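Residue numbers (my numbering), protein chains in the order written: chain F, 1 to 287; chain Y, 288 to 447; chain X, 448 to 1201.
Hints listed in this document are in silico derivations from the structure and should not be mistaken for laboratory results. Since this is a predicted model, take the numbers as computed values, not measurements. Don't be surprised by glycine CBs; every beta carbon is placed ideally from N, CA and C. Some clues are possibly wrong.
What the hints assert, rightly or not - In silico BS3-like cross-links for lysine-lysine, where the CA-CA straight-line distance does not exceed 27 Å:
hint : chain 1 : residue 1 : chain 2 : residue 2
1    : F       : Lys37     : X       : Lys755
2    : X       : Lys987    : X       : Lys1017
3    : F       : Lys257    : X       : Lys1012
4    : X       : Lys849    : X       : Lys888
5    : X       : Lys888    : X       : Lys460
6    : X       : Lys1012   : X       : Lys1027
7    : X       : Lys726    : X       : Lys755
8    : X       : Lys950    : X       : Lys888
9    : X       : Lys574    : X       : Lys550
10   : F       : Lys241    : X       : Lys888
11   : X       : Lys1017   : X       : Lys1027
12   : F       : Lys37     : F       : Lys153
13   : X       : Lys755    : F       : Lys241
14   : X       : Lys646    : F       : Lys257
15   : F       : Lys37     : X       : Lys574
16   : X       : Lys646    : X       : Lys755
What the hints assert, rightly or not - Derived contacts from chain X toward chain Y, CB cut-off under 10 Å, selection only:
hint : residue
17   : Arg468
18   : Asp470
19   : Arg729
20   : Pro1136
21   : Met1137
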Amino acid sequence: MRYENPTTIENAVDLLARSDGPAYVLAGGTDLLVRMKGDDFDAELVVDIKSIAGMDQIVETAEGFTIGAAVPCAALGEHGALVAAWPGVVEAANLIGSTQVQSRCTISGNLCNASPAADSVPAMVAANARARIVGPGGARMIDVADVPTAPGKTSLARDEIIEAISLPKPDARSGDAYLRFTPRTEMDIAVVGAAVNLTLDDEGIVQTARVVLGAVAPSVVVVDAAAAALVGNKLNDATLKAVEAACTAASNPIDDKRGTVEFRNQVAGVLGRRAAEIAYGRAGGTQ
Amino acid sequence: MTSISVSTTINGDDVEFLCNVDETLLDVLRNRLGLMGAKEGCGTGDCGACSTIMDGRVVCSCLVLGAETQGREVETIEGMSDGRELHPLQVKFIEHAALQCGICTPGFLMAAKALLAAHPDPSEEEIRFWLAGNLCRCTGYDKIVRAVQDAAAEMRGANA
Amino acid sequence: MTFDPSYKEQALKSVGTRVLRPDGVDKVTGRARYGADFNMPGQLVARVLRSPHAHARIIRLDTSQAEALKGVKAVVTAADLPDLTDGDTALFAILDNSMARSKAKYDGHAVAAVAAINASVARAAMKLIEVEYEVLPHVVDVDAAVAPDAPLLDDTIFTTGVDPAPTKPSNVANRSEFGHGDVDAGFAKSDVIIERTYKTEQTHQGYIEPHACVANCNADGTADLWVCTQGHFVYRQVCADLLGLDVSKLRVTSSEIGGGFGGKTHVWAEPVALALSRKAGRPVKLVMTREEVFRASGPTSATSIDVKLGATMDGTITSALATLRYTSGPYADAWAETGAMTSFACYDLENVKAIGYEVVVNRPKVAAYRAPSAPMAAFAVESAIDELADAIDMNSVELRIKNAAQEGTRSSYGPVYGPIGIGPTLDAAKAHPHMSAPLGKNQGRGMACGFWFNFGGQTCSDLNIGADGTVTIAVGTVDVGGSRASLSLIAAEELGIPYEHVKAIVADTSSLGYNDMTDGSRGTFSSSMATISAARNAIKTLRERAAMMWEIPVEDVNWEEGFAKAAGPKHGNRAPLSIKDIAAEAGNTGGPIAGHSELVADGAGVSFGTHICDVEVDPETGSTRVIRYTVIQDAGKAVHPAYVEGQYQGGAVQGIGWALNEEYVYGEDGRLQNPGFLDYRIPVCSDLPMIDTQILEIPNPNHPYGVRGVGETSIVPPLAAVANAVSDAMNVRMTHIPVSPPRILAALNAQAKE
């Protein structure tokens, strides 16, 4: 096994392209190192991307925010402008693991690990985040939603790396929120996750909405029916009931050690509804 | 497997070591450098017993490769006291009986030190959430939280 | 000199103070050495290969490729640990558990082990060991295992304790029964009967330090073992027996121990490490991974318990019956029996019966876990008591007070109680402000009582007085939670010297006589008894030396507050001699001054506690938070109150974890699904409130200072206290521990449908 620590992304991509065995990108390492402990782990190459210039930066532009692939989640919570713009994304990122894990883990890594239960992914998808992916042929932008394809699988080629995640500048009257259910208050994996991002008009009527569930299907579920229930309405009891019902209906989980189908379906509705209430409040809406 | 040569700073001292790719910072500290204060409770970042501070952030040293520490600054429990002078957190942990078996104590002290550096006057809730990555099975956490509160007060000069 | 252990009321100077612990600095500086913190020259690294099957016959085991790998120094299988147990089934179970013989009996059962020059080679060697299994039907659930068509684990197990003896083998290893009176007659007299079945899931002690040891077998037949254990003398005996070593030639040193809670009273992989070292001719370090700890060491029993209570409308419990089924892993043991003994121990009952069934299943060999077997029985009984209180419309504290055992009560398991603390803890609970504090929306309050026997046992200690009059004590009970501090306080108290002048250490097995292990809350109780006895023996010598120095009869020398004083007017106004004065002259008065003690510490006082718990439940998700918790327990005498509080708090939180989220989850294939701290959810700091404690002191008549064990009782009430609180908050009875969010939500949904 080799460890490489390139200083340019081109070099990193080249290393991946040339490796003749299993190769892994190392950012925060909070998932990769756990896998490395396994007796069956096998790798020819580990490429640490933290020495690449700019990878550890959060850049605010006129269009929004660019979050380098090596930015630890703790740094997201320390970035005032980002917290103000995308509180839901940041709170999702800051729910991953513990303080120690926060010091290391990244939202790009959370995305590429492609766990159905990833906390930051539903929030990013709700926020219309995009990933800048660099490969031998150059860079391309894709929706974050298109990165994970199945548990543990992504759409990236073996010689492609996420360079950064981009979040748009939010509209003036908008808000996002992420809630997850875990049995413990911290140090846990989402049994259900729900993210909502919406914008309002001056009357408090929802103009656009994205409702996204995590941990209830092989990949995140964008619940269009819940969004449709929100758009054109204020957040009243009927709207909330419709959001809840749509989320429960869209939930398609399995029974596993973390929860039952019945439990996840029900809680998906509850969290979808509660996240909508928080997002609505953050957007300036009053119920 | 080829060894990697690493130059880093540990507890303020320049340190050089060789390690394999799959060796973690915890492996290096314990097996190559003789710094056994960091404990391996799980090896997967779930218990915090191996907590150290790297470039000012508290990390699980089982989730850091030894190779990654090149050019960084690492603080371990062995560097917490100033010679014979214990750090206020160390004093308060003993005074408050905040340890029983003590296996989690070095990790708690590292995490608490990072907490007080970031939040000198933390609420009980902030303490509890910051320390949620450190498992203790003996104390029920009560006396740990009190020890951190008391140390924070002392470090702020509020106990005078 | 005969040692008189009886309680005498006296003013105490050292005992009862909150001194700084002697091992504190080592533990806050990272210098304390635990199981994995020791190394030897030329040491090898061991790894254990474990069965991936819950139940499988080992058809073929080929280690030749692993042995041929460069850097591998030894590979062992069951053939390297031949059966020397001579019909001792308990010892055989330890042997078979350490290395499977013909069958792997649970997911994680060891089948082979390697020792190599480093971890990478050891890992590579493990992959080269070929094992061919014939997978057999398995059973992990306690109720499924007793069903008539259940897969049979062991065709040599025939249920004992039944008459006539069965002719067919069974997964029920043992039936036990306790009680007195006539339960049928008692139920006939009752106005109300509560009858329920309860279940609890299997939990792990969850000590943060994995099992670790360094074994060194020398060519001359001597051996050393450095190990984290709660009982190094017991480990020495078991390992010597299993390896055919002379007990005196195996020296076991107990490291600092990173938590045990009963799980480190049992021998696990230590014989394997010794066998590897014997075969390789080099020291071997064996450290379990966290996954191995969960899969192959120490869980407690999963249980299924039926309880039937009858009472008259005035709150008198006229009859109590429990049938308790406990898993023991694949080997027969006595966990159900212990559960049956504890189930009704809090109450004064005219008619009571508890029947225990020990059930073997394809899960890891069950280990002691803090008041082993009692929490599950208490969950069932204390839940039923709560329901009974509702049924007769009586306050649940009052109901418990009305039926509480007291001095002179014949206990449900046989003995007649001396002075005990159940009544006082209940009175204190009734009077506690927590009991009457207002509750908010979705909040509920529960309470429960708990009992534990406490043990005494064989104990031995040495007390040596240095030339400067300072004192060392060497004890043989491992310090799991501050006993070196409490024993130093005791020695200081007896001798009349400052605590700071005493240093306590835990001696290795070659330096001290045999000691039972630190279990049964016996550490401070039994070793303090031996320490007091040793101190009194030393005082006798000190008086003799003072008499020599003064040239007066020893009968005229008294020992008062650290000084020899000449009694009576005939010896004039001699200045008292301090311990330092006498020690300084020891070379001229007969040599070093010491006190020794070997005894069986009888009379460990039984222990009772009452807990009060408030929870808040989210009715839409089933999420439960403990928002207030109070522990009230009798300590007899709290030697070091801060560490007594620590025992109360720690046990309560382990119980809260058990009640809310902790459980072994098995797949259909019989494999453990959650062998890690991420999915085996012990409570984290942010899950909890402060844990209030109230120490009651009802002296144990069989200890000079009235000390009772305090370590275990605190884990007994929480399962029921939490479940009762959840039931109160949601108005739905929870009968299955843990009361995890999916179970609560399912119960609420079922109730809504009714």
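The hints, checked one at a time:
{"no.": "1", "hint": "F:Lys37 to X:Lys755", "in the structure": "50 Å, violated"}
{"no.": "2", "hint": "X:Lys987 to X:Lys1017", "in the structure": "21 Å, holds"}
{"no.": "3", "hint": "F:Lys257 to X:Lys1012", "in the structure": "70 Å, violated"}
{"no.": "4", "hint": "X:Lys849 to X:Lys888", "in the structure": "31 Å, violated"}
{"no.": "5", "hint": "X:Lys888 to X:Lys460", "in the structure": "48 Å, violated"}
{"no.": "6", "hint": "X:Lys1012 to X:Lys1027", "in the structure": "14 Å, holds"}
{"no.": "7", "hint": "X:Lys726 to X:Lys755", "in the structure": "56 Å, violated"}
{"no.": "8", "hint": "X:Lys950 to X:Lys888", "in the structure": "53 Å, violated"}
{"no.": "9", "hint": "X:Lys574 to X:Lys550", "in the structure": "20 Å, holds"}
{"no.": "10", "hint": "F:Lys241 to X:Lys888", "in the structure": "22 Å, holds"}
{"no.": "11", "hint": "X:Lys1017 to X:Lys1027", "in the structure": "25 Å, holds"}
{"no.": "12", "hint": "F:Lys37 to F:Lys153", "in the structure": "20 Å, holds"}
{"no.": "13", "hint": "X:Lys755 to F:Lys241", "in the structure": "44 Å, violated"}
{"no.": "14", "hint": "X:Lys646 to F:Lys257", "in the structure": "18 Å, holds"}
{"no.": "15", "hint": "F:Lys37 to X:Lys574", "in the structure": "15 Å, holds"}
{"no.": "16", "hint": "X:Lys646 to X:Lys755", "in the structure": "15 Å, holds"}
{"no.": "17", "hint": "Arg468", "in the structure": "7 Å, holds"}
{"no.": "18", "hint": "Asp470", "in the structure": "7 Å, holds"}
{"no.": "19", "hint": "Arg729", "in the structure": "17 Å, violated"}
{"no.": "20", "hint": "Pro1136", "in the structure": "9 Å, holds"}
{"no.": "21", "hint": "Met1137", "in the structure": "5 Å, holds"}
Hints 1, 3, 4, 5, 7, 8, 13, 19 from the earlier list are contradicted by this structure; the remaining hints agree with it.
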